[in-house]
Amino acid sequence: MSEITVELTVNRRARTATVPARTTLADLLRDSFGLTGTHLGCEQGVCGACTVLLDELPVRACLTLAASCQGSEVVTIEGLDGPDAERIRAAFSREGALQCGFCTPGMVLSCYELARRRQVLTRDEACMAMSGNICRCTGYNGIIRAVRSAIAEGIESES
Amino acid sequence: MKPAEFAYHRPDSVEEALGLLGELEEAKVLGGGQSLLPILNMRLAAPAHLIDITGIRALRRFEEDDSGVRYGAVTTHMMIEDGLVPDPARGLLPHAAAGIGYRAVRNRGTIAGSLAHSDSSAEWPTVLSALDAAVHVRSNRGDRRIPVRELLLGFFTTALAEDELITAVEVPRLREGTRWGMVKMARKPGEFAESLAITLVRPGETEIWLGAARDVPVRLAETETVLAGSIGPIALEQLAEAIGADTGSSGYERQRHAVAVRRALETARGETVRGAEVHV
Ligand SMILES: Cc1cc2nc3c(=O)[nH]c(=O)nc-3n(C[C@H](O)[C@H](O)[C@H](O)COP(=O)(O)OP(=O)(O)OC[C@H]3O[C@@H](n4cnc5c(N)ncnc54)[C@H](O)[C@@H]3O)c2cc1C
Ligand code: FES
Ligand code: FES
Chain A
2 MSEITVELTV NRRARTATVP ARTTLADLLR DSFGLTGTHL GCEQGVCGAC
52 TVLLDELPVR ACLTLAASCQ GSEVVTIEGL DGPDAERIRA AFSREGALQC
102 GFCTPGMVLS CYELARRRQV LTRDEACMAM SGNICRCTGY NGIIRAVRSA
152 IAEGIESES
Chain B
671 MKPAEFAYHR PDSVEEALGL LGELEEAKVL GGGQSLLPIL NMRLAAPAHL
721 IDITGIRALR RFEEDDSGVR YGAVTTHMMI EDGLVPDPAR GLLPHAAAGI
771 GYRAVRNRGT IAGSLAHSDS SAEWPTVLSA LDAAVHVRSN RGDRRIPVRE
821 LLLGFFTTAL AEDELITAVE VPRLREGTRW GMVKMARKPG EFAESLAITL
871 VRPGETEIWL GAARDVPVRL AETETVLAGS IGPIALEQLA EAIGADTGSS
921 GYERQRHAVA VRRALETARG ETVRGAEVHV
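Residue numbers (my numbering), protein chains in the order written: chain A, 2 to 160; chain B, 671 to 950.
Mixed in with the good hints there might be a few duds.
To be verified - Result set (EDC-like, lysine to aspartate or glutamate): computed pairs, CA atoms no more than 16 Å apart in a straight line:
hint, chain 1, residue 1, chain 2, residue 2
1, B, K672, A, D32
2, B, K698, B, E832
3, B, K858, A, D32
4, B, K858, A, D125
5, B, K698, B, D833
6, B, K698, B, E686
To be verified - Simulated DEER-style distance windows between Cβ atoms:
hint, chain 1, residue 1, chain 2, residue 2, range
7, B, R939, A, G35, 56 to 66 Å
8, A, S3, B, E820, 33 to 43 Å
9, A, E87, B, E875, 50 to 60 Å
10, A, T6, B, E832, 48 to 58 Å
11, B, R872, A, T6, 54 to 64 Å
12, B, L714, A, S94, 37 to 47 Å
Since the hints were made in silico from the structure, they are not lab data.
Note that CB positions come from ideal geometry on N, CA and C, so glycine has one too.
If we strip away everything but chain A, and leave its shape as in the complex, we get:
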């Protein structure tokens, strides 16, 4: 019983893996599927580098067991596409929202959920909403500019 078989969809592809029960979603993605864009910083929920979308909601992949994802749909940074994702990537690049890039996959996935809400955020609200993602090199001004700009462009695209 200490091995489990989990069937899930990752980046729209059906996947099955048999792994030790103690495997986290982050390790399943990285070690079993080679999706190393999901980064591991703290493994205690604090840094946000491991953020992925689980059934469309951002979660900590380091605090989610692979076994709990049976039947779920996971989207990682590698599979994040569409107009919102493109706008976010362009905004991060334009606004200087990254340096080493370690935090960036988590930042982009957290930003994606915000952008999808089509809701204007003040600077303070954007800071609060992104406070679960830590960046150790860029400073947050560029990141917050990029987040707000991607949100605004998303809203504009529909008006």
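With chain A fixed as given, assemble chain B with the ligands onto it according to the hints.
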């Protein structure tokens, strides 16, 4: 930073979960995992079995009636924050939920998991003590209802037996005419509170609860008495002294609690923005 080995179980029904809890040695319930996974990753605990209850549909339901709302155990903080379930406390529950950790944590963390974890600097223990909520608990031996105020016995210590499962959390409706104030002080957004003050103000009565001061949330009885006996606003030093008597805290800590309580009183009375969150 990886969990030690364990066997994983994913029951479909409460009965199956209770069966596993009754029969397996060294088993732990897994809710959202947002407190348990950090503990497992750091190997502060190494249970032999995890019983994941998030696949049990019956635990996701809610029921509402005139007396209040009963939430299934695996109701997430996000569901309360976003109003996907009713709020019997006129905005207090969504406000409290929105202040818990980060969105990604709130998407998985559950109301029952937070109570079973029993950290007095977390939101639900103090908020649900103040509201006099209760948990419904089941085991193979029978069912019982435990008021949250009696469930929480200390840091990470509750009245739950090893084979017991919280199946629902029942929150009574906030009485008509009661206004609430809530102030959480934390070093940064999303951190656990360094002070967590809840005030319930109704004509002729003010009730004050404080989290992050002791190992369990405390009702500030002495402070309430001092407030009731004073005409007009009282000085912060006097408030701090009363809170010291209620909690045993002193110095900067006591001052922090006094400021949190004063701001929560002001918000309940409508003197400042409702439930302002403060970061120190
Ligand atoms: C980075 C970070 C920041 C956080 N910040 C905050 C914060 O600011 N405020 C706050 O309140 N919380 C915070 N949390 C904790 C979070 O709210 C957790 O969701 C919550 O404490 C536990 O709920 P869970 O469902 O994740 O429980 P789990 O982690 O699954 O379980 C916790 C404990 O409860 C037991 N348990 C779970 N469900 C049941 C049940 N139904 N019956 C019996 N026992 C059960 C488990 O066996 C375990 O002992 C934070 C967490 C992280 C990772
Ligand atoms: S690695 Fe998951 S939050 Fe830091
Ligand atoms: S760009 Fe280096 S940690 Fe954020």
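Notebook entry, point to check: Per the hint of 50 to 60 Å, is the separation of the Cβ atoms of A/E87 and B/E875 within bounds?
Noted result: 57 Å, holds
Notebook entry, point to check: CA of B/K858 to CA of A/D32, is that 16 Å or under?
Noted result: 33 Å, violated
Check: Regarding the pair B/K672 and A/D32, is the alpha-carbon distance no greater than 16 Å?
Finding: 13 Å, holds
Checklist line | Consistency of beta-carbon spacing, A/G35 to B/R939, with hint 56 to 66 Å | finding: 58 Å, holds
Checklist line | Agreement of B/K698 and B/E686 with the hint, judged by alpha carbon distance not exceeding 16 Å | finding: 14 Å, holds
Checklist line | Hint consistency between B/K698 and B/D833 [alpha-carbon to alpha-carbon, up to 16 Å] | finding: 9 Å, holds
Notebook entry, point to check: Should the hint that B/R872 and A/T6 are 54 to 64 Å apart at their CB atoms be regarded as holding?
Noted result: 56 Å, holds
Margin query: A range of 33 to 43 Å was offered for this pair. Does it hold for the Cβ distance of A/S3 and B/E820?
Written below: 37 Å, holds
Checklist line | Hint check for A/S94 and B/L714 - Cβ pair distance inside 37 to 47 Å | finding: 41 Å, holds
Next item on the list: Could you tell me whether the CB distance from A/T6 to B/E832 stays inside 48 to 58 Å?
Entry: Check failed, 29 Å falls outside 48 to 58 Å.
Next item on the list: Below or equal to 16 Å on CA atoms is what counts here, so check B/K698 against B/E832.
Entry: 8 Å, holds
Check: Taken at face value, is the distance from the CA of A/D125 to the CA of B/K858 at most 16 Å?
Finding: 13 Å, holds
Going through the hint list in order, the structure does not satisfy hints 3, 10.
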